[in-house]
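Enquirer: Sequences and hints are given; from them, build the entire structure.
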Amino acid sequence: MKHIVVRFCGDSGDGMQLTGNLFAQLGAESGHEISTLPDFPAEIRAPQGTLGGVSGFQVELGSEVYTPGDKADVVVAMNAAALKVCTLGSHFNHPQAHYDEEFAQFHRHAIVIVDTDALTDKDLEKAQYHTENPFTELGIPESVQIIPVALTALTKESLKESGLDNKSILKSRNMFALGLICWLFDEPMDKAMHLLETKFKKKPALVAPNTKVMVDGYNYGQNLALNINQIHLDQAKLTDRRVATEDGHYTSIAGNKATAWGLIAAAEKAGKRLFLGSYPITPATDIMQELALRKDMNVMVVQAEDEIAGVCTAIGAAFAGDLACTSTSGPGLSLKSEAIGLAVMAELPLVVIDVQRGGPSTGLPTKTEQTDLMQAIYGRNGECPCVVLAASTSANCFEYAYEACRLALENMTPVVLLTDTYLANGTALWRIPTAAELPEIHPQNVPERLKGKYNPALRDERGVRYWAFPGMEGFEHRNIGLERDAEKGTISTNPENHESMVRARQAKVAQVANRIPELKVISTGKKSDVLLVGWGSTEGHLHAAANELGCDLAQFNYIHPLPKNTASVLSQYKRIIVCELNTGQFAAYLRSQFPQMPIEQYNEIQGQPFAVERIVNFVKK
Amino acid sequence: MEAQDYKSDQYVRFCPGCGDHAICMALQKAMAQIGIPTHQIAVISGIGCSSRMPHYLNTYGFNTIHGRGGAVATGVKTSHPELSVWQMSGDGDCLAIGGNHFIHEIRRNVDLNVCMFNNRIYGLTKGQYSPTSPKGFVSKSSPFGTVERPFIPAELVLGARGTFFARTLDVDMPTTVDCLVAAQQHKGCSIVECLVNCVIFNNGTHAWIADRDLRAEHSIILRHGEKMIFGKDKDKGLAIEIDPQTFIPRLIVVSADDTRVLTHDAHQQDPTLHRLLALMGQKRVEQVKTDDIDDELPIALGVIRDVEAETYDAAVNRQIQEVRAQAKAHTFDELTATLEQW
Numbered sequence: 312m313k314h315i316v317v318r319f320c321g322d323s324g325d326g327m328q329l330t331g332n333l334f335a336q337l338g339a340e341s342g343h344e345i346s347t348l349p350d351f352p353a354e355i356r357a358p359q360g361t362l363g364g365v366s367g368f369q370v371e372l373g374s375e376v377y378t379p380g381d382k383a384d385v386v387v388a389m390n391a392a393a394l395k396v397c398t399l400g401s402h403f404n405h406p407q408a409h410y411d412e413e414f415a416q417f418h419r420h421a422i423v424i425v426d427t428d429a430l431t432d433k434d435l436e437k438a439q440y441h442t443e444n445p446f447t448e449l450g451i452p453e454s455v456q457i458i459p460v461a462l463t464a465l466t467k468e469s470l471k472e473s474g475l476d477n478k479s480i481l482k483s484r485n486m487f488a489l490g491l492i493c494w495l496f497d498e499p500m501d502k503a504m505h506l507l508e509t510k511f512k513k514k515p516a517l518v519a520p521n522t523k524v525m526v527d528g529y530n531y532g533q534n535l536a537l538n539i540n541q542i543h544l545d546q547a548k549l550t551d552r553r554v555a556t557e558d559g560h561y562t563s564i565a566g567n568k569a570t571a572w573g574l575i576a577a578a579e580k581a582g583k584r585l586f587l588g589s590y591p592i593t594p595a596t597d598i599m600q601e602l603a604l605r606k607d608m609n610v611m612v613v614q615a616e617d618e619i620a621g622v623c624t625a626i627g628a629a630f631a632g633d634l635a636c637t638s639t640s641g642p643g644l645s646l647k648s649e650a651i652g653l654a655v656m657a658e659l660p661l662v663v664i665d666v667q668r669g670g671p672s673t674g675l676p677t678k679t680e681q682t683d684l685m686q687a688i689y690g691r692n693g694e695c696p697c698v699v700l701a702a703s704t705s706a707n708c709f710e711y712a713y714e715a716c717r718l719a720l721e722n723m724t725p726v727v728l729l730t731d732t733y734l735a736n737g738t739a740l741w742r743i744p745t746a747a748e749l750p751e752i753h754p755q756n757v758p759e760r761l762k763g764k765y766n767p768a769l770r771d772e773r774g775v776r777y778w779a780f781p782g783m784e785g786f787e788h789r790n791i792g793l794e795r796d797a798e799k800g801t802i803s804t805n806p807e808n809h810e811s812m813v814r815a816r817q818a819k820v821a822q823v824a825n826r827i828p829e830l831k832v833i834s835t836g837k838k839s840d841v842l843l844v845g846w847g848s849t850e851g852h853l854h855a856a857a858n859e860l861g862c863d864l865a866q867f868n869y870i871h872p873l874p875k876n877t878a879s880v881l882s883q884y885k886r887i888i889v890c891e892l893n894t895g896q897f898a899a900y901l902r903s904q905f906p907q908m909p910i911e912q913y914n915e916i917q918g919q920p921f922a923v924e925r926i927v928n929f930v931k932k
Numbered sequence: 104m105e106a107q108d109y110k111s112d113q114y115v116r117f118c119p120g121c122g123d124h125a126i127c128m129a130l131q132k133a134m135a136q137i138g139i140p141t142h143q144i145a146v147i148s149g150i151g152c153s154s155r156m157p158h159y160l161n162t163y164g165f166n167t168i169h170g171r172g173g174a175v176a177t178g179v180k181t182s183h184p185e186l187s188v189w190q191m192s193g194d195g196d197c198l199a200i201g202g203n204h205f206i207h208e209i210r211r212n213v214d215l216n217v218c219m220f221n222n223r224i225y226g227l228t229k230g231q232y233s234p235t236s237p238k239g240f241v242s243k244s245s246p247f248g249t250v251e252r253p254f255i256p257a258e259l260v261l262g263a264r265g266t267f268f269a270r271t272l273d274v275d276m277p278t279t280v281d282c283l284v285a286a287q288q289h290k291g292c293s294i295v296e297c298l299v300n301c302v303i304f305n306n307g308t309h310a311w312i313a314d315r316d317l318r319a320e321h322s323i324i325l326r327h328g329e330k331m332i333f334g335k336d337k338d339k340g341l342a343i344e345i346d347p348q349t350f351i352p353r354l355i356v357v358s359a360d361d362t363r364v365l366t367h368d369a370h371q372q373d374p375t376l377h378r379l380l381a382l383m384g385q386k387r388v389e390q391v392k393t394d395d396i397d398d399e400l401p402i403a404l405g406v407i408r409d410v411e412a413e414t415y416d417a418a419v420n421r422q423i424q425e426v427r428a429q430a431k432a433h434t435f436d437e438l439t440a441t442l443e444q445w
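Residue numbers (the numbering used here), protein chains in the order written: chain L, 312 to 932; chain R, 104 to 445.
Rather than coming from a laboratory, the hints here were simulated on the basis of the structure.
Computed from a prediction, not measured in an experiment: that's the story for all the values here.
Treat the hints with caution; some may be incorrect.
Below 30 angstroms or equal to it, Euclidean Cα-Cα: the simulated DSSO-like pairs (lysine-lysine) are [stated by the list, open to error]:
1. L/K313 <-> L/K931
2. L/K799 <-> R/K229
3. R/K431 <-> L/K512
4. L/K467 <-> L/K523
5. R/K386 <-> R/K337
6. L/K437 <-> L/K502
7. R/K110 <-> L/K799
8. R/K132 <-> L/K764
9. L/K433 <-> L/K467
10. R/K290 <-> L/K606
11. L/K831 <-> L/K875
12. L/K837 <-> L/K932
13. R/K110 <-> L/K762
14. R/K431 <-> L/K606
15. R/K132 <-> R/K431
16. R/K132 <-> L/K762
Computed, partial: chain R to chain L, Cβ under 7 angstroms [stated by the list, open to error]:
17. H158
18. A174
19. H207
20. V302
21. I303
22. R421
23. I423
24. V426
25. D436
C-beta atoms are modelled at their ideal positions from N, C-alpha and C, and glycine is treated no differently.
Expert: This is the structure:
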């Protein structure tokens with residue numbers, strides 16, 4: 312078997328995210344590719360056992376893994392509510408809904424492991440069942456293999472001599488499930504045990520009981536010879552495009568952590584102090600938390616009083632010569648708009664990371680969407696161009712965070728990096744680079760020869776102004792958010808000067824196209840007239856769809872400016888289908904740039920990643 | 104260094120007669136007196152008349168956006184604590200649109216010198232009432248008089264746990280220079296409320312004390328370690344008494360030779376007395392109608408509060424140094440080596 316999709320679902324207090332992550336990491340360590348999708352409610356703790364409190368974690372592992380999978384092959388359902396949600400999918404709230412493969416979270420031939428101790432009358436009532444038999448009521452087809460396991464009782468039995476209180480024992484049910492799943496996939500227990508030791512390093516008292524439950528879960532599978540066969544996955548081939556071809560060290564990494572580490576690497580490479588001004592916001596907060604931890608790397612994190620102060624403290628640090636960043640999500644980007652305009656006007660390097668979520672307004676804070684594209688490109692007052700990039704896998708969040716820093720520092724411009732919930736919380740296999748392998752970064756520091764002659768409007772031959780900062784003798788100057796004189800750098804309201812400055816700022820951002828790679832088409836090898844076009848986090852899904860369709864894919868990471876060969880690539884196809892998780896923002900942007908191109912669009916706006924199947928059906932019809 | 108060295112080549116564009124001219128000169132004098140080289144000084148401002156100030160100082164300067172000067176300055180100082188960082192702001196910039204940044208820079212005790220130019224009006228937008236305009240104030244945006252209660256900046260500063268508060272007056276150059284020098288010497292967030300006259304839209308707003316004939320009777324200049332004496336003939340002093348019914352302490356005016364006359368202690372951590380001092384005479388600026396106010400207490404000028412506390416910028420940088428001293432990884436390659444990998 313090449314790849315398989317496993318979904319853990321339970322109450323938000325059941326530790327499904329932890330279990331899923333541990334299993335994904337084990338899979339990655341065993342040489343599989345992984346792609347994960349945490350799917351949890353916005354409420355931290357909805358009432359226990361209710362439908363609103365169901366938390367899911369899906370992982371696809373094996374080889375040629377592009378996405379976390381449309382639907383699960385193996386499901387662990389920890390309670391009645393989880394069983395209902397994963398069976399009915401988005402229809403879980405419809406009265407009289409039955410299993411329907413279109414909406415369900417698992418296939419018609421899936422294996423579903425259920426904790427039968429969590430299907431009591433009380434549990435069924437909380438999850439709004441109307442009958443005593445959940446399986447019949449949900450209309451789960453017979454082709455689905457249901458494995459009833461008395462998870463709760465077995466966990467209690469396993470830990471009866473542990474000395475733990477009842478509540479702590481019940482909390483360990485997820486480890487029994489993990490052990491069982493490890494047996495199912497023939498994952499060796501020693502690695503899993505080592506992982507638990509690392510995981511609970513700070514709470515050593517928890518290592519022994521959790522390990523015991525997990526091993527008992529494993530043995531339960533082994534000894535009782537459940538009526539299922541173990542699943543053996545092929546090893547991932549390192550030649551796959553999602554994994555670098557060269558040898559090296561690998562780890563599994565979540566998108567937000569990869570983003571944070573990209574910033575750290577860039578600061579070191581550029582010889583700058585890394586400064587992050589930020590304010591907690593789902594789903595971007597992990598970036599700030601990761602960097603707050605990295606004082607060993609000399610990272611300065613200011614948890615500001617609000618989103619505006621987050622970006623403004625960063626702008627202050629940029630004025631003072633640091634590699635300055637701010638991290639946020641859509642609502643925060645809205646709040647930061649005016650200040651980003653200041654950085655455009657003052658021509659300071661600034662990295663703005665927008666981990667997109669469902670909008671508008673508070674929207675769907677824990678769900679994924681690509682709806683901030685227009686805001687990133689255009690969402691400021693005045694003619695206000697920024698560089699806009701988008702990461703496309705959890706692992707390459709590192710690469711594009713690094714790129715964002717490089718382009719900001721070398722071109723004295725704000726750079727907006729778009730990621731999203733799917734990339735941020737998902738994990739993928741990441742080849743760990745060494746600092747030496749990373750591209751050089753040359754910040755636009757002012758040359759010494761301009762001492763005494765400097766003003767903030769002075770530009771080099773590329774049109775990029777020079778950066779001088781407090782502490783440097785002989786470069787004192789006044790920077791402004793007001794329009795400045797193109798020659799003297801002082802306040803100017805002259806009409807011709809304003810137009811020339813507007814064009815100078817645009818030209819500066821436009822020339823960035825000379826410093827980024829060309830667009831590469833991903834091809835199946837067969838000649839095709841059809842081009843799927845995507846940007847950002849949809850890469851995996853579109854790649855899988857293109858493989859199935861036998862067509863080509865152009866996935867954009869450089870949004871503004873676009874790669875220089877964009878028009879020549881697009882013009883080679885009869886059908887260009889732009890697929891995105893919004894109502895067509897990138898399609899509209901491409902049409903504005905290339906009005907002559909026949910651009911079609913396919914869109915989903917459900918707060919979820921694409922389903923590959925639906926893209927394929929759309930293109931075929 | 105001379106005051107001249109801190110003057111930029113820009114023509115000063117405040118209105119003729121504006122109080123900001125005087126503060127600008129006082130800043131140049133104070134900077135010369137402090138003697139920090141121009142390249143070690145960063146002056147950050149928001150938007151408003153006062154926020155033009157960086158253009159007239161030959162230091163590093165950044166005229167940012169409305170209300171955000173405090174946040175930008177916090178970034179500059181936190182990343183580079185070795186710099187002398189100043190913030191120029193007004194009553195609108197600081198207390199309305201930038202109110203959040205203002206209270207948080209104070210709460211964190213970022214080592215900034217904040218000049219808050221209080222003319223009780225929006226001047227640059229041509230005459231709307233501000234958060235410090237007295238209740239009942241008639242302006243273009245309050246044609247029938249405001250119905251809002253104003254902020255008393257000192258009260259806000261102390262409420263945000265401020266470590267330094269001084270008040271000065273545009274026409275009193277020596278006190279202004281003294282306050283600015285003291286603000287730089289104070290390690291922490293120093294708020295200097297500069298009472299300035301807006302000659303165009305709010306002329307005479309501080310006349311109660313700005314008027315040369317009235318000033319000595321209506322104001323007192325507080326100096327640490329000195330007796331609280333005021334009046335044209337230095338014949339009055341301030342004392343404290345407890346109201347026998349309510350137990351609320353209050354300041355009273357007594358004769359200068361009264362043994363009860365207080366000695367100013369700006370370094371006292373307990374803010375109770377500082378608050379009483381800072382609020383003296385403020386009833387008079389809270390509302391337009393002052394006829395029924397029977398208050399003989401003078402308005403306090405000078406450094407009212409100046410207490411020690413660790414600054415935010417020093418604390419975060421210290422924490423980084425402590426962690427780095429203990430840490431095994433200091434470079435990216437050392438950091439990645441700590442990952443679980445295969």
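Enquirer: Each hint should be assessed against the structure and marked as holding or not.
Expert: Structure-based check of each hint:
no.: 1; hint: L/K313 <-> L/K931; in the structure: holds, 25 angstroms
no.: 2; hint: L/K799 <-> R/K229; in the structure: holds, 29 angstroms
no.: 3; hint: R/K431 <-> L/K512; in the structure: holds, 17 angstroms
no.: 4; hint: L/K467 <-> L/K523; in the structure: holds, 12 angstroms
no.: 5; hint: R/K386 <-> R/K337; in the structure: holds, 24 angstroms
no.: 6; hint: L/K437 <-> L/K502; in the structure: violated, 38 angstroms
no.: 7; hint: R/K110 <-> L/K799; in the structure: holds, 17 angstroms
no.: 8; hint: R/K132 <-> L/K764; in the structure: holds, 26 angstroms
no.: 9; hint: L/K433 <-> L/K467; in the structure: holds, 20 angstroms
no.: 10; hint: R/K290 <-> L/K606; in the structure: holds, 24 angstroms
no.: 11; hint: L/K831 <-> L/K875; in the structure: holds, 11 angstroms
no.: 12; hint: L/K837 <-> L/K932; in the structure: holds, 20 angstroms
no.: 13; hint: R/K110 <-> L/K762; in the structure: holds, 19 angstroms
no.: 14; hint: R/K431 <-> L/K606; in the structure: holds, 12 angstroms
no.: 15; hint: R/K132 <-> R/K431; in the structure: violated, 48 angstroms
no.: 16; hint: R/K132 <-> L/K762; in the structure: holds, 26 angstroms
no.: 17; hint: H158; in the structure: holds, 5 angstroms
no.: 18; hint: A174; in the structure: holds, 3 angstroms
no.: 19; hint: H207; in the structure: holds, 4 angstroms
no.: 20; hint: V302; in the structure: violated, 22 angstroms
no.: 21; hint: I303; in the structure: violated, 20 angstroms
no.: 22; hint: R421; in the structure: violated, 11 angstroms
no.: 23; hint: I423; in the structure: holds, 5 angstroms
no.: 24; hint: V426; in the structure: holds, 4 angstroms
no.: 25; hint: D436; in the structure: holds, 5 angstroms
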